[in-house]
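Participant: Sequence:
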Amino acid sequence: MPDFYKYLEMGLQNFEEYQVCAVTVGVVGDICRALDEKVLPWCDGSMTQLLKDLSSNQLHRSVKPPIFSCFGDISLAIGENFEKYLMYAMPMLQSAAELSSHTSGADDEMIEYTNLLRNGILEAYSGIFQGFKNSPKTQLLIPYAPYILQFLDLIYMEKDM
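Quick note: the sequence shown uses our numbering, first residue 196, plus one each step.
Hints in this document: simulated from the structure, not taken from any laboratory. Please note that a few of the clues may not be correct.
Below, simulated PhoX-like cross-link-like pairs (lysine-lysine); rule was C-alpha separation at most 20 Å, straight line [claimed, not checked]:
| hint | residue 1 | residue 2 |
| --- | --- | --- |
| 1 | Lys279 | Lys328 |
| 2 | Lys233 | Lys279 |
| 3 | Lys201 | Lys233 |
| 4 | Lys332 | Lys279 |
| 5 | Lys279 | Lys247 |
| 6 | Lys247 | Lys201 |
| 7 | Lys332 | Lys201 |
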């Protein structure tokens, strides 16, 4: 993995060829599912780059929903060790959830993107919850509960979308 990681990092940084970045995000998720906690030594670099990708205006928006799903994969793999990423990942999820609430008057393409974004957010939350399920650190998720419930309520209220 140490030799391969540099290629993962290059793929995650490839904004110009966003399909490469998207595939690399998927590979990171696959590696997390395959290696579980053994992926821990590479999580700092991966999470840092994924967070940079989300913050970038240069990266095509289609890559962002899979990045959220990848957060869930990482959390599932490393369990309570995801704690140090919570303060960065959860606000990003909250911002994306807020963005996904502005759909009135949207065209079909925007509605499709919004649904992909919401799905990625739900996959992230699901992975994070499952990653912490056997941990005494589950209370770390409590401050985020109102935002998560608000997001779920929004989805329920727009269930015909």
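Participant: So which of the earlier hints does this model not fit?
Facilitator: 7
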